[in-house]
Amino acid sequence: MAVNTDQQPLVRLRGVCKQFGGVAAVHPLDLTIDHGDFLAILGPSGCGKTTLLNIISGFLFPDAGSIEIDGLDVTRVPPERRATNMVFQSYGLFPHMTVEQNIAYGLRVADAPADECKRRVAEMVALVHLDGLERRNVTGLSGGQQQRVALARALIMRPKVLLLDEPLAALDLQLRKAMQVELRRIHRSIGGTFVFVTHDQGEAMALANRIAVMQGGRIVQQGTPREIYDAPRTRFVSTFIGDANLLRGQAHGGAVTLAAGPVFAQAGADGPVVAVVRPEQVQIGPPDAVAASPDQVLLAGTVQDVVYVGTYVRFQVAVDGSELIVHAGSGRAAPVIEVGAPVAIWWSLSDHLVLPEE
Amino acid sequence: MIAQRGRYALLAPSTGVFLLCFVAPLSYFLLLSFYRIVSYQIDTTITGENYIVVWRDYFRSLSFTFAIALAVALSVTALAFGFAFYVRFKAGRFGILLIFVALITLFGGYLTKIYVWKTILGQTGILNTTLMTLGVIDEPIGLFLYNPFAVIVTLGHYLMPLAVLPIYGSLRNIADTPLRGARDLGASRWRVFFDIILPQCRIGIVFSFALSFLFAAGDYVTPLLVGGPYTSMLGVIIQLQFGMRFNAPLGAAMAFTAIGICILVIGSFDLLLRRLLRVPT
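Protein chains in written order, with the working numbering: chain A, 1 to 358; chain B, 1 to 281.
A hint or two may mislead.
To be verified - Here are the simulated lysine to aspartate or glutamate pairs, DMTMM-like style, with alpha carbons at most 25 Å apart:
| # | chain 1 | residue 1 | chain 2 | residue 2 |
| --- | --- | --- | --- | --- |
| 1 | A | Lys-160 | A | Asp-30 |
| 2 | A | Lys-160 | A | Glu-280 |
| 3 | B | Lys-90 | A | Glu-80 |
| 4 | A | Lys-160 | A | Asp-243 |
| 5 | A | Lys-118 | A | Glu-134 |
| 6 | B | Lys-90 | A | Asp-63 |
Stated by the list, open to error - To be clear about the criterion: a stretch of chain A counts as covered by chain B if any three or more of its residues have a C-beta under 8 Å from a C-beta of chain B, and this derived list gives those stretches:
| # | segment |
| --- | --- |
| 7 | 72 to 81 |
| 8 | 90 to 103 |
| 9 | 106 to 114 |
Said to hold, decoys possible - Now the in silico label distances, taken between C-beta atoms and shown as ranges:
| # | chain 1 | residue 1 | chain 2 | residue 2 | range |
| --- | --- | --- | --- | --- | --- |
| 10 | B | Thr-119 | A | Ala-170 | 39 to 47 Å |
| 11 | A | Glu-134 | B | Phe-107 | 46 to 54 Å |
| 12 | B | Tyr-8 | A | Thr-139 | 22 to 30 Å |
| 13 | B | Arg-7 | A | Ala-24 | 56 to 64 Å |
| 14 | A | Ala-169 | B | Asn-173 | 18 to 26 Å |
By construction, these hints were calculated from the structure, which means they are not laboratory data. As the structure is a prediction and not an experimental result, all values here were calculated from the model. Note that beta-carbon positions come from the ideal geometry of N, C-alpha and C, so glycine has one too.
From just these sequences and the hints, can you work out the full model?
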């Protein structure tokens with residue numbers, strides 16, 4: 001299989017949309033996926049992410065728009081003739097077949113020679129660490145093992161794009177962490193292109209090199225995990241990816257007045273805005289710790305709750321009716337502040353984002 | 001250990017009934033089939049003569065009976081599969097309604113259905129009168145009733161809803177995702193049907209086949225009422241041996257020959273299906 005080295009993306013969606021019973025599940029959207037990408041389509045349930053995955057796999061045809069895979073238009077090509085393979089959320093293994101037969105099924109359908117079949121099954125079994133279970137019936141396997149069979153069954157087809165639908169949702173926390181590591185290892189070792197759908201932002205951050213955040217049938221932001229965390233483009237993205245403190249305010253004539261009091265200079269259109277600041281960007285100290293300065297936001301509040309998490313201390317601070325979360329210090333360096341104590345909290349203007357209110 | 005003993009205790013009553021009412025009489029008749037009737041008395045010398053008589057003198061009705069039973073079982077299983085498949089995969093939320101309708105027809109009862117077909121196929125039946133009214137024929141056709149065809153239709157009509165249930169039950173246990181999975185791996189709809197759906201409902205198909213085959217092979221009321229003089233089904237003849245002919249040993253031999261053939265036919269059907277679906281035996 002020749003590796004495509006030119007700059008053309010592997011998958012290109014143009015103006016793809018889908019309605020169910022008059023309700024738009026996916027609004028017209030564009031998306032490109034490059035060779036070697038590990039893309040997460042992230043969003044809450046009902047945001048259209050699974051519909052989008054089904055459109056890429058061919059289980060659904062879009063109402064309008066086109067899909068290209070490796071330069072070929074596959075908009076109306078059914079799943080059995082697409083260079084994509086899917087790992088289903090509920091695995092969808094064939095219960096009447098053994099592990100080996102499950103993995104070999106795609107090659108058997110393609111009438112691959114028996115010796116090639118055998119060799120590639122052995123390769124896959126080794127890749128996903130299923131050694132010794134080849135002749136077991138799949139119904140007797142644990143969830144994690146079934147997940148591996150589903151992965152091997154799809155990967156043996158050497159898909160141009162591997163699609164995963166909430167691949168780890170059915171596993172318990174321990175297993176989920178282990179499978180995250182496994183998936184990264186497998187992605188690295190075969191150098192393929194993976195696209196997965198998830199509602200779990202932690203999973204998206206842990207696995208993907210690129211994230212597309214979906215909301216209400218639209219992709220609201222795409223980028224590396226870092227870009228999305230550091231520079232969320234909307235209020236929704238900022239709260240969906242990681243924790244965020246939101247402070248309402250009004251922009252007027254190049255300045256923003258927060259409802260909680262502080263005023264600071266900020267270019268942008270007039271109207272209601274929201275200032276977004278991550279808990280770890282907020283500093284906390286005694287009421288007289290810092291003096292007010294034009295390049296930072298300073299608020300006075302009362303500590304409501306203190307949780308010693310270990311790597312940091314989580315403070316819940318009441319400020320003028322609303323509550324802010326502050327992650328401070330690490331380990332033993334964490335400041336010791338009691339519940340009920342008056343505090344000052346502050347952050348530098350460069351550490352928050354001002355977004356228009358939605 | 002207590003749990004083990006408890007389990008056997010629960011089985012005891014049904015095992016008792018089974019031994020007393022099934023195994024014991026059947027063993028008696030098996031023994032009887034090796035005896036003879038000599039001048040209206042049972043002669044207890046062991047002999048295989050009855051079985052020779054069955055194959056020699058009754059071969060025609062034996063083969064006729066099983067040909068009819070096979071025809072009934074195959075057509076009923078095929079029709080029931082089509083119905084169950086439609087209900088499971090195509091009918092959507094109307095599926096349950098269709099199953100309910102199939103079950104309701106069971107209320108009709110066995111004898112009722114026989115008389116229904118007598119009414120439809122008879123000399124002055126609905127079929128003849130309709131054809132005459134339409135001017136297709138001038139006088140009633142007697143060919144509809146009292147022939148093997150009428151037996152097959154009547155038995156098939158009775159067995160259909162019974163045969164639907166096992167197949168529908170096994171089809172319902174098939175999950176949707178594996179079917180999508182197979183298509184994703186390159187299988188056409190036809191291959192999905194053969195590789196994924198059929199192997200998973202094999203047991204249901206064999207069960208429906210066995211049910212209809214056994215019933216059709218053992219039935220002696222339907223052939224008497226709609227079969228006419230040429231349709232000498234084995235059930236009718238066996239009944240005669242125990243009744244008017246006073247030859248219970250021969251009747252028993254016929255019955256055991258029939259049981260043997262049934263086991264053989266159903267076993268072969270299962271084996272054939274396994275071969276066809278490449279299921280390891």
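State the violated hints by number, sorted upward, taking the hints as numbered earlier in the document.
2, 4 and 10
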